[in-house]
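Next come the chains, spelled out residue by residue.
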Amino acid sequence: MRNAHLVLEDGAVFTAVAVGAPGIAAGEACFTTSMAGYEESVTDPSYIAQVLVFSYPLIGNYAIDESRLEADTVQCEAVVMRRARPHFGKWLAEHGVVAIEEVDTRRLVRHIRDAGAPLRCALGEADVDTLLARALAEPPIDGRPLARHIGVDEPVFMGSGPRVALIDLGCKRSIPKRLAMAGVEVVVVPGDWSADAIMELKPSAVLVGNGPGDPAALTGAIATTRELLGRTPVFGICLGHQLLGLALGLETYKLPFGHRGANHPVKDIDRGRVLVTVQNHGYAVRAEGTDVRVTHVSLNDGTVEGIAGDGFASVQFHPEAAPGPLDALPFFDTIAERCRSAKI
Amino acid sequence: MPKREDLKSILIIGSGPIRIGQACEFDYSGAQACRVLRREGYRVILVNSNPATIMTDPEWADATYLEPLDVETLAEIIAKERPDAVLPTLGGQTALNLAMELHASGDLDRLGTELIGANVEAIRKAEDRELFRDIVIAAGLHVPTSAIVDSLHGIPDDFPIPAIVRPAFTLGGFGGGIAYTRAELETIVAHGLEASPVKQVLVERFLGGWQEHELEVMSDCAGNCVIVCSIENLDPMGVHTGDSWTVAPQQSLPDYEYQRLREAAFTTARAVGVVTGGANVQFGYDPATRDIVVIEMNPRVSRSSALASKATGFPIAKLAALLAVGYTLEELPNDITGKTTAAFEPALDYVAVKAPRFDFAKFPKTTPRLGSEMRAVGESLGLGRTFPEAFLKALEGRESVPATWDLERRGEPIPERWDYLLEAARQGLDLPGIHEYFADELKSIAAAEHELALSGDIPAAKRFGLPDRRVAEVLHITTDEVRARRPIPGRLAVDSCAAEFEAKTPYFYLSYEAEDDFEGAAKERILVLGSGPNRIGQGIEFDYCCVHAVQAFRELGYEAIMLNSNPETVSTDYDTSDRLYLEPVTLERVLDVCAIEQPKGVVVQLGGQTPLALAHGLAERGIPLLGNPLGAIDLAEDRGKFGTLVEQLGLKVPAWGIADGFDEAKAIADRIGYPVLVRPSFVIGGRGMRICQNEAELAVAMPGTGATCLIDQFLQNAIELDVDILCDGENAWVAGILEHVEPAGVHSGDSACVIPGPSITEAVELRVREMATALTRGLDARGLFNLQLALKDGELWVIEANPRASRTVPFIAKATGIPIIDLACRLMLGEKLEALDLPERAKPTRAWAKEAVFPAERFPEAADRSPEMKSTGEVMAGGDTVVEAYARALRAAGRSRHGGKLGPTLQEIAAAQH
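Protein sequences, first through last, are from chains A and B.
Here the first sequence is numbered in numbering that gives the first Met the number 0, starting from 0 and rising by one per residue.
Here the second sequence is numbered in numbering that gives the first Met the number 0, starting from 0 and rising by one per residue.
Keep in mind that the hints were calculated from the coordinates and are not lab data.
Be aware that a few hints might be false.
[Unchecked claim] Below, in silico cross-link-like pairs of lysine to aspartate or glutamate (DMTMM-like), each with a Cα-Cα straight-line distance of 25 Å or less:
#1 K338/B to D195/A
#2 K2/B to D127/B
#3 K253/A to E501/B
[What the hints assert, rightly or not] Here are a few chain B residues that face chain A, going by a calculated C-beta distance under 8 Å:
#4 P248
#5 D254
#6 E262
#7 T266
#8 R384
#9 T385
Computed from a predicted model, the values in this text were never measured in an experiment.
Glycine included, C-beta positions come from ideal geometry on N, C-alpha and C.
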């Protein structure tokens with residue numbers, strides 16, 4: 000048995016058994032309450048720089064389907080579980096990911112929830128002091144752009160129909176897939192492309208996708224989004240929603256422990272309906288006191304979940320789900336319809 | 000949308016007597032509905048014939064009718080009360096069918112009452128097999144190949160075999176079955192046509208090897224739909240879901256496959272047109288082809304809704320009632336977090352496994368094989384952080400060990416399947432017929448036991464989920480030693496949100512993890528032990544007693560804590576007690592809860608034989624038992640001591656002896672004379688009891704040597720009396736004397752009873768009161784006890800004394816209007832009878848009768864009344880005379896459509912008393 004520990008920056012220690020790759024990993028501790036969809040979750044690039052804790056205790060109950068991965072490989076820094084089936088630990092190890100099981104994940108979730116601010120942590124087959132030092136050496140996510148290069152290097156085309164440019168800042172694969180299924184041609188473009196370069200593609204609309212990190216630190220992407228506004232309809236999902244908010248002059252702020260799971264109720268104000276949505280975000284847009292129209296709010300904590308205005312619309316949650324309920328899937332149809340109606 | 004202000008009064012239809020397929024889950028759902036609708040200011044009118052329900056206690060509704068559940072009676076009640084609406088979705092199939100009859104008879108229209116919760120159209124679409132199939136196909140979903148058949152000639156010649164037969168509009172799959180040959184198909188179709196009230200059955204391709212999944216849907220009038228819970232059957236297709244082991248949330252489906260089911264559930268619910276409230280949709284899933292078929296849908300709160308509520312903490316019935324009066328999901332708070340709304344889908348961080356409980360041993364003529372017709376009489380729920388922990392808790396809570404071990408049959412759909420599979424896993428045999436995931440989990444249990452044997456690491460084994468008893472067996476030590484070498488488990492909240500938000504509701508299970516933060520209890524605590532899964536002889540009556548005790552202790556200023564494993568009950572509603580532990584009613588779990596709660600006392604007398612059997616174990620380990628029941632338990636259960644005591648008190652008992660084997664039995668019978676009553680020691684519900692008229696019958700009735708039996712003189716043609724007594728160790732107060740309609744020899748649970756008894760003269764009553772006092776002193780009984788007497792030739796004989804709440808307590812409480820359990824709780828705490836301010840003698844409010852209901856349609860031999868109890872439930876009805884009350888009770892039991900007349904409500908009766 001490979002004894003391991005998880006140590007949080009505040010000194011809390013959890014005993015564990017290592018089941019993934021050897022070594023130590025560190026990052027911001029965050030938890031998801033999704034009860035399934037393991038391979039989708041761990042490959043979601045939004046988890047870069049984060050250690051993913053599954054609150055559901057039984058992980059890896061079914062075999063991994065490689066076609067369901069949201070990126071080429073595992074994206075979170077490490078995986079923390081109560082009980083993993085052996086094949087899942089082995090798969091994580093093959094991907095070089097530190098993973099532990101036999102953790103009292105309920106206590107860990109309560110600890111993260113009650114901390115009031117994000118906690119850095121380190122874990123692996125090492126003693127507590129080493130891990131604590133490693134956790135404290137980890138730079139906080141807030142305020143810095145993430146160093147790791149993610150996203151496509153060249154434009155990637157899929158589907159057919161009116162053209163939508165999708166800005167890839169660490170976008171899940173399901174987003175272009177679902178968007179293409181709505182009847183448009185998707186061009187996934189590198190995240191550092193300028194607005195002019197994007198407009199050369201003559202898109203009918205631009206979608207800014209999800210990705211990791213502090214949105215406010217992505218000054219280039221904010222500027223690009225701002226330049227696109229007014230030239231083409233701009234849509235956003237998750238990080239893209241936050242960037243759109245920042246481009247419109249709104250603020251973003253860090254939530255105490257984020258929204259991560261597949262059961263988040265959101266009120267769609269225009270339609271008067273409740274959507275059960277998939278969420279994975281640590282930051283939110285503040286829209287109170289501005290003239291930006293809020294279209295969706297979280298029924299859990301009242302935070303902004305969607306905004307819209309002349310030539311833009313974005314949602315904080317993940318309409319592409321993966322993993323989770325498909326209630327919000329029509330968001331992609333909204334984009335496609337907008338393209339077909341062909342006006343800004 | 001806010002609630003509807005145009006409605007002022009609502010009639011809730013209950014589900015009547017407990018039957019297989021329709022048990023106390025509908026007391027739970029109905030009681031929740033009554034509570035919230037009254038809180039919303041509606042006048043609630045309730046009709047139910049089942050006296051053992053909490054919902055029929057007068058304080059739960061504004062007008063409570065203990066009346067037969069037939070369309071004529073309902074029409075009379077509606078004509079009298081003129082409710083604005085009828086809510087039929089919380090009383091099971093019975094209520095739904097009655098709503099349809101009321102519609103068909105034109106009574107609803109005539110009386111200007113609307114149905115809420117479901118409309119006639121939706122009920123018809125969900126219940127009519129052909130219509131349902133067409134709607135599902137039109138919505139783009141698949142159904143199994145099938146044919147609607149209304150006569151034997153209607154079965155298509157080329158129909159694929161095996162096939163499953165499902166009659167329309169029946170309960171718990173009644174009348175159906177699986178046919179493996181053409182001849183079987185014809186037999187089952189004939190049976191099914193007879194069972195269906197509309198003479199229609201669906202013959203369906205049998206999907207052998209497919210998995211079965213069930214999704215609980217909640218929808219509101221704004222069109223919002225959420226899935227409260229996914230439930231996966233451990234047994235593959237072919238076993239009724241009520242008979243199958245199940246797990247929630249579903250374990251084996253990848254997320255994207257689960258989302259397909261979720262979408263299909265909404266599509267089905269919307270196609271059928273479920274407007275508001277709860278519904279469940281059942282699916283078949285073929286892992287090989289990924290095909291999904293819709294099997295059926297219930298447009299109402301169901302047994303699985305109760306299970307889903309207890310498994311997730313999401314109160315389905317309560318919300319269904321509120322949605323029915325116009326609220327939307329987002330307007331309703333999630334009780335558990337207090338902050339978030341009911342418009343969400345619970346996230347679990349534990350596993351909930353349900354084990355069915357069977358009573359086939361009572362019906363030796365019925366083949367114990369499971370199929371599409373439900374046979375289970377109860378269920379236990381296990382909550383754990385791992386699948387093994389939850390599975391083993393459910394197994395433990397089921398309180399039933401296979402009589403025989405035939406591992407060769409482990410692949411067959413039989414009641415012992417999962418016991419055999421687990422044992423096969425231990426022996427390294429293959430595990431046929433079940434999903435690989437479940438097979439792997441069983442193997443992991445075997446591996447953990449093996450590991451424990453090598454390492455002796457008890458804390459690791461406990462954290463894995465092995466019960467103390469198994470750890471003790473593996474290590475060849477006592478359970479006390481296991482206990483001494485392990486930590487006390489933590490108390491974890493069932494919070495519906497995987498700890499994402501702080502939990503406000505006091506609903507817990509135990510596991511070997513860090514305890515949730517919890518504010519220390521301010522008051523002294525009393526722990527009430529429930530009765531575990533329902534079974535014949537131990538059912539809803541005991542839950543009624545436990546719930547009353549919890550309420551009484553709370554009113555007396557204590558914190559009342561409930562422990563039970565039965566997910567169907569009101570006692571396992573988190574709104575009932577100050578703290579609820581959903582745990583098996585076993586010594587291990589009770590001691591753990593005691594270690595956490597440090598109660599002032601534990602109540603073992605109200606949950607039937609299950610908690611009573613723990614009394615010695617608890618007392619020996621220093622746990623204080625309320626009401627000092629140990630001496631009384633010993634005396635009542637040790638026939639020798641009891642006989643001696645009764646003789647010392649100058650009371651008559653039938654002559655008796657204890658026999659080990661036939662030779663001894665014969666000697667006793669020869670001494671006391673035939674007929675004799677043979678009963679195995681320590682039984683509930685008269686298991687194995689027989690009356691023998693002669694030596695030949697005695698030879699058949701006696702088991703081999705090694706199991707002692709009591710041989711009693713049988714008093715032929717005696718009248719049997721059931722007496723419930725409040726007592727304080729010195730004095731006794733007779734709460735009621737029930738006279739059985741059948742002569743002595745029929746098990747008291749199966750016998751019809753009346754009060755006031757025509758044979759109970761003043762002299763007899765006086766004598767009963769004297770006997771009660773004498774026995775109270777002799778037994779040093781405090782709280783309550785039940786006495787069974789035989790009256791023959793003017794003489795009273797003592798047949799049995801039970802130092803616990805009896806099955807008749809709810810009936811007597813309703814018949815007299817006296818809160819027997821509440822008073823018994825005060826006595827258990829040490830108060831004296833004279834402090835209770837009781838009247839000189841208890842009097843029934845009017846003539847009342849009770850009749851038993853038998854599962855004869857499922858077990859052919861169930862209708863023969865004998866010393867062995869076979870009934871599953873009971874009905875109660877009143878009248879101006881005992882004869883009228885009895886006639887009405889027969890009607891309520893479904894044996895006639897006439898008899899008696901509509902009586903006053905319980906509230907009117909109570910008002911007239913004061």
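Evaluated hints:
{"no.": "1", "hint": "K338/B to D195/A", "in the structure": "46 Å, violated"}
{"no.": "2", "hint": "K2/B to D127/B", "in the structure": "31 Å, violated"}
{"no.": "3", "hint": "K253/A to E501/B", "in the structure": "20 Å, holds"}
{"no.": "4", "hint": "P248", "in the structure": "5 Å, holds"}
{"no.": "5", "hint": "D254", "in the structure": "3 Å, holds"}
{"no.": "6", "hint": "E262", "in the structure": "6 Å, holds"}
{"no.": "7", "hint": "T266", "in the structure": "12 Å, violated"}
{"no.": "8", "hint": "R384", "in the structure": "5 Å, holds"}
{"no.": "9", "hint": "T385", "in the structure": "6 Å, holds"}
When the structure is compared with the earlier hints, violations turn up for hints 1, 2, 7 and for no others.
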